[in-house]
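A.B. asks: Top to bottom, those sequences are chains H and W. Quick note: the first sequence uses this note's numbering, first residue 481, plus one each step. Quick note: the second sequence uses this note's numbering, first residue 481, plus one each step.
Wrong hints could be hidden among the right ones.
If several chains are the same, the list does not tell them apart, and a pair holds so long as it fits within one copy or across any two.
Derived pair list, reagent style PhoX-like, types lysine-lysine, alpha-carbon separation capped at 20 Å [unchecked claim]:
no.	residue 1	residue 2
1	Lys608	Lys914
2	Lys899	Lys546
3	Lys771	Lys739
4	Lys740	Lys771
5	Lys534	Lys739
6	Lys771	Lys534
Think of the hints as simulated: they come from the structure by calculation, not from any bench.
Protein chains: 2
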Amino acid sequence: MITTNLTNLTPFLPDGWLTSRLSALDKARVMLEEGNGPGGSFTGWVHLPRDYDKEEFARIQAAAEKIRSDSQALVVIGIGGSYLGARAVVELLRSPNYNLIHTDGPEIHFAGNGLSTDGLMEIIDRVKDMDFSVNVISKSGTTTEPAVAFRIFKALLEEKYGKQGARERIYATTDAHRGALKGLADAEGYEEFVVPDAVGGRYSVLTAVGLRPIACAGVDIAALMQGAADAMNALAVPGADNPAWQYAAARHALYESGKKVELLVGYEPSFRFFAEWWKQLYGESEGKQGKGLFPASVEFTADLHSMGQYIQQGERLMFETVVSFARSRRQIDIPVDPDNVDGLNFLAGKSLEYVAAQAMRGVTMAHVDGGVPNIGRTVPARDEAAAGWLIYFFEYACGLSGYLLEVNPFDQPGVEAYKNNMYALLGKPGYEEKKAELERRLNG
Amino acid sequence: MITTNLTNLTPFLPDGWLTSRLSALDKARVMLEEGNGPGGSFTGWVHLPRDYDKEEFARIQAAAEKIRSDSQALVVIGIGGSYLGARAVVELLRSPNYNLIHTDGPEIHFAGNGLSTDGLMEIIDRVKDMDFSVNVISKSGTTTEPAVAFRIFKALLEEKYGKQGARERIYATTDAHRGALKGLADAEGYEEFVVPDAVGGRYSVLTAVGLRPIACAGVDIAALMQGAADAMNALAVPGADNPAWQYAAARHALYESGKKVELLVGYEPSFRFFAEWWKQLYGESEGKQGKGLFPASVEFTADLHSMGQYIQQGERLMFETVVSFARSRRQIDIPVDPDNVDGLNFLAGKSLEYVAAQAMRGVTMAHVDGGVPNIGRTVPARDEAAAGWLIYFFEYACGLSGYLLEVNPFDQPGVEAYKNNMYALLGKPGYEEKKAELERRLNG
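Taking the hints into account, I'd like the entire structure generated from these sequences.
C.D. replies: Right, dumping it as structure tokens:
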């Protein structure tokens, strides 16, 4: 269903770039399949499109219907994998301007993914006079950013609806058995959804973590899961024709050839945030032990007029991975101008989609001529099936790719460093020694 | 007014990183001042905050007042430098959610900066039943993306208001003397604003190119220009204390030491798009002749949970340039929770701004410990004066930095490559040979 074009990749790689990696890829495949490689206890996402909890899935759909009927806004509280996937899919399948233009269902606001006071106040101002609900997403319930935001929105809900009314408007997506948020949710009687143990944050968009908010935005999550299941089945087949194998091998070969930056290229404003989800997936999975491609993204043709110069003629350190959609949802033709002031009458009567398709072909050739390898991926349409496919594809290829790089693609040990410093500087009990050490450094 | 912190930079650089570059910086200063270096005919931005056209400035303010009274939406048609600066300032000083939350003035929609059909249709759907105006921004009037969008919105306006009514709602920012858009504007009697000859697109935000849309969003453009003038005066003073000299020298020294990626770091969602403006400025000015730092950006603390792992432990190829705002516009305190479920009562009663400030200190130390050099820049407040200062600062430092790198910081020869391919593939008259060549390649 999704076609891959390697024509503009292979000239940059030595013969055998793929065949020489087939054996390593097959080992990686088995490790993902059996969960017995590094980080294997976090490979629950591999069979998720088949094995997901159907009862919970139905509750997700029901809760979304309830929120769509009783709330003008949904505040989604979560950070990292607990918001990127949901926001990516809402923007991709609805719109980056969803809150402005939607005509059904609630506005969706993502909070607790940073510490900006002005950003938070803006959301509070927006929702406080609306009927709103909260979906708090946190495995532990103690991560600073979402925990702080949850304190604030919980207080706001209680003030507005009373304690019982607030309880009925708070949905907790958290650990199935333990943790601060789990304990609170049990005590208060929030409706609960599960962050599975075997699925790390950046692989969690197809669990309740992502599906709850996505369903509230009116996306057909059954079709999304079906797309992912189709990808799971297609990509489980070993061999050189497997597009996930090709992508993982290409990334590894390009990295070994000296490339340092992978640019995920989209041609739609709605794809911009999907690239942010992809950045976490690849950056956090591979960026360790001093290794890994630096993940960056651009939106063409817009960014051809900002990053285009660098891509064409700057340091030769990057390659491009393009995701394009074969069909627009709508069509519009270029109007005729009898005076042809802008000289564009040679386009009159042609569709904008046609112009965009030619632009993409021209861009690819220009960048290839400039020494930028290009991996093309064409998706039929910007719909649920394709989004599910793309999500699973990128997840699965990331697992393979991480194993080729010989890292654990499922841990993130480096994320603790800033947290520990922050806790110490904020005076968290238990961090007294660290605090003293940091303050000595800061003062001297 | 803006303070620079080099404490976390200097340990990564050899002694003399700054003093050894003072002489080259002084030469660069003179070239910018006198416009006699490479690309010197495009240094009109250097004295712009002093020499700008005061009569036109008043017309910009008057036109903004008119649009704010007669339009519910303004469609800004432009690509690259003709939209990034305006969008950056509107998001920074108003909000990334300006269209959703503003209570005065028109919605602002940026069109013609790409070829997405769905993106364009969304704007058409949104504005077609509103009273709206169009600001078309193009030096030539023939760049494909904005020209196509202008054809479409011009037709829409004419259908809605008739030919004469449309003329009164179209504002053209274009060349003062020549070009397709200039000719059309003269013939139709559009109100005209000037893209100055001596100011390239990526340096044009403080001309009518940026100021017209910015003023329509209710930003005080006089205060913005004053901030830029303050920066111009401060940064004209030669010497090792000059923060633009420090920044240019640091970038050059880090690049020579092997760094390949500069990460512009913000802590506010409203800064996210400002970084896109910055990427064009630096990427397009320096990314040539196989050289230049790759410009990327992150929003912390959000992206600590996506790119943070890579920054902490991935390839050691980047450094960070941080822009933080000392004061939030509003304040909110962390509420007390008698049950202390999340264990955060040690923060109760403290402001979120305080928590964010400690997080920033902790992040910086963590990344420095991970081998990432850090240039800190603290701005007093998120207001017009600071935005003007930052814009001029980054522009001026970019000119210096480009000269240190021995490139022409004011051309963009690589941007033509994709355009020529696109024109050829689209069958533009005059490109017949190129078309045949490309089609041979595509089919062969």
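A.B. asks: If you test the structure against every hint from before, which numbers come out violated?
C.D. replies: Numbers 1, 2, 5 and 6 - these are the hints that the structure violates, sorted from lowest upward.
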